[in-house]
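> Read off the chains here:
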Amino acid sequence: MSQVTQLIHQYLRHNKRFPHVYCPGCGHGIVLGSLVRSVHNLGLSKDEVCLVAGIGCSGRMAVYVDFNTVHTTHGRALTFATGIKLANPELTVICVMGDGDALSIGGNHLIHAARRNIGVTALILNNNIYGMTGGQCSSTTPMGSRSMTTPYGQLENTFDIVELAKAAGANYVARSTAFHAKMMDAQISQALSRPGFSLVETFSPCHTQYGRKNQFRTVVDMYQDLKVRSTPLEKWNEMDPAKRGDKFPIGVFVERDEPGLEERYMAMAEGLRKKEANA
Amino acid sequence: MAQKARRKNKELFALGNEAVVEGALLAGCTFFAGYPITPSSEIMEVMAQKLPRTENGAFIQMEDEIASMGAVIGASLAGRKAMTATSGPGFSLMQEHIGYACMVEAPCVIVNVMRGGPSTGLPTSPAQGDVQMARWGTHGDHPIIVLSASTVQECLEMTIVAFNFSEKYRVPVILLIDEITAHTREKITIPSERDYEIFSRVLPSMPPEWFKPFEETTRGVPPMAPIGSGYRIHVTGLTHDPLGYPTQRPDEVEEFTHRLFRKIDQHFADIVLTEEYETKDAEVAVVAYGSVARSAHLAVDQAREQGIKAGLLHLKTLFPFPRAALEKLTRRGAAILVPEMNMGQISREVKRVNAGRVRVRTINRVDGQIITPSQILKNIGQM
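Just so you know, the sequences run in chain order A and B.
In terms of our numbering, the first sequence has 130 at position 130, counting the first letter as 1, and numbering is strictly consecutive.
Plus 1000 on top of the position in the second sequence (first one is 1) and you've got our numbering.
To be clear, the hints were calculated from the coordinates, so they are not data collected in a lab.
There's no promise every hint is true.
Listed below are the simulated SDA-like cross-link pairs for lysine to any residue, each with C-alpha atoms no more than 25 Å apart in a straight line [claimed, not checked]: (1) LYS46(A) x PRO1246(B); (2) LYS1351(B) x PHE1268(B); (3) LYS46(A) x MET1206(B); (4) LYS46(A) x LEU1243(B); (5) LYS274(A) x LEU1243(B); (6) LYS46(A) x HIS20(A).
On the chain A side, residues computed to face chain B include the following (Cβ under 10 Å) [stated by the list, open to error]: (7) ASP66; (8) ASN68; (9) LEU78; (10) PRO142.
It should be emphasised that the depicted structure is a prediction, and the values quoted were computed from it without experimental measurement.
Think of the CB as a built atom: it goes at the ideal place given N, C-alpha and C, for glycine as much as any other residue.
This is chain A alone, in the form it adopts within the complex (with noise of 0.2 Å):
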């Protein structure tokens, strides 16, 4: 047997959920071999593992891996992962979102989990657009991209997720691209063993909904522009950044070690507990 069909028959709920609802040229299943691999690698029991997802596409993958998991309501994953974290602090607690789920409706959460340092990986799978509900646009959706309630271009802004978490303060910033699935596993594997917050931004190409608006005629296209655009982070720095124009940077970003909210909470409960006892 292979090294992927043992990894399928060992973590993924074969037998019940199968065919996955992904399509044809989805990002989404190179990150979910990434997770995967990432959990075996790091000899993590399925047991200790809990993976919370949000809404969408990406909150799917819930269903599929045969972890204790919880698809929870939109936006909101990481409020759920943060109850389960500071529950249960022996978890390893991932939580799963897509652009919309986690910037967008769920930007606030975002940075507050960032900000108190829950030790939380999240993951977001970034294709621009908000999927499954229809191809309407995010709020990373490029300047000028078209999607169904952006028929004339987008006009706004788009988030820069890593410079977001960074500014919030997580402990771990990573970013990669489903084109870059080796570089996905050694970022996943650091978010997962690390304390704190972690988190791992990955480019993950909808084709379906914001490729055919956007002038890729084949998903193979939208994979050679990640290739093409994405650029090693040290390379991104020597750069002229008048020449930098749409590439944008992928690697490592913010790498610390800080306790977890948790484990603070944890000491100044001990703490407070053994001064009560002595007095």
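Dock chain B against the given chain A, drawing on the hints supplied.
The following block gives chain B in isolation, referenced to the frame of chain A:
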């Protein structure tokens, strides 16, 4: 978590809001997430102080009420007895997640200290305007349990009841308190452990591969496995089959919805709490809840002194509506008076149950003021 100091009956001079915290801790609450809002904030403040001192207690101030309710459900799924407290505007924000809790059958307690509304309304004045929102605030068909408290002592007791019901029936329980009760300070007795029962959710006893997390049982309530206990279940706000996976099969969808209702219907006798005072021979019965029930109690005494046969039906459970207790009075022909600090949210239920049998009169006060015993007495006299 009951602490050693609580083993003996202890007396406290407490606010209604503080009594809620005492009740919650006695009931075994170890998780609170909330967002400050008048007039409920003391509940959160005292929780922030006490929870880290209790075994495993965790407290968090979230960024808003939506987040608070999400965290409460997350903690509940992870095995904690969890609660939040809020007031009208915050309660509105929580509604989507209250629906989620109904759907995934996550036990939790939501205390709503009602203030005047709509909107920002009267933040420091009492009202009872959230009664129907507590029942019908979220979307879709679902049962829910709504309780009320009229004294500081009752704030403590009803909070224990709220936790017990939520754990027994795997349902969010809403405790409605009005601002008067929340901010009244009076002497209360902390009961000793033998004076009250504590229920906790039933855990599965079968091996994980046999477990169907949303399967019908004789009690109507499936056992619940905490996240991380080896059962690896899928929890979703989508309508799900007994295994917990999304379904659109009409037979499974219908059966699921019916089971949600059945688990509450089946236990009406346990859930529907009322207290009767001088109702045996009453010709006029006052139906009241919250602080108004206190005013009504005194008004009944005063009416009796004047020779009017008055009585009080005090509702402690508001939903499911205590139909049988009311019917007993209306069938006997007692005229009904319903005083409440809203435009008629419980009198609506009373009129529905009465179905035109006897005269129903209402007192509706919406000026941010208390309903006094004399106001009720005057109306009893006019019946």
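> Confirm or reject each hint.
Results of checking the hints against the structure:
Between the alpha carbons of LYS46(A) and PRO1246(B) the distance comes to roughly 21 Å, so the proposed pair stays at or under 25 Å and holds. Between LYS1351(B) and PHE1268(B), the direct Cα distance comes to roughly 20 Å. Compliance with the 25 Å bound is thereby established for this hinted pair. Note on LYS46(A) and MET1206(B): the hinted pairing holds, with a Cα-Cα distance of about 19 Å set against a maximum of 25 Å. A C-alpha spacing of about 18 Å is found between LYS46(A) and LEU1243(B), which places the hinted pair at or below 25 Å, so the restraint holds.
Using a Cα cut-off of 25 Å, the hinted pair LYS274(A) and LEU1243(B) is violated, with the two alpha carbons roughly 44 Å apart. Proposed proximity of LYS46(A) and HIS20(A) is supported: the alpha carbons are some 21 Å apart, at most 25 Å. Hint status for ASP66(A) relative to chain B: holds, with the closest Cβ pair at about 6 Å, below 10 Å. Among the interface hints, the one on ASN68(A) holds; its C-beta lies about 4 Å from the nearest C-beta in chain B, closer than the 10 Å criterion.
The criterion of a C-beta within 10 Å of any C-beta in chain B is met by LEU78(A), whose closest approach is roughly 8 Å, and the hint holds. Using the Cβ-Cβ criterion of 10 Å, the hint placing PRO142(A) at the interface with chain B is not satisfied: the shortest such distance is roughly 28 Å.
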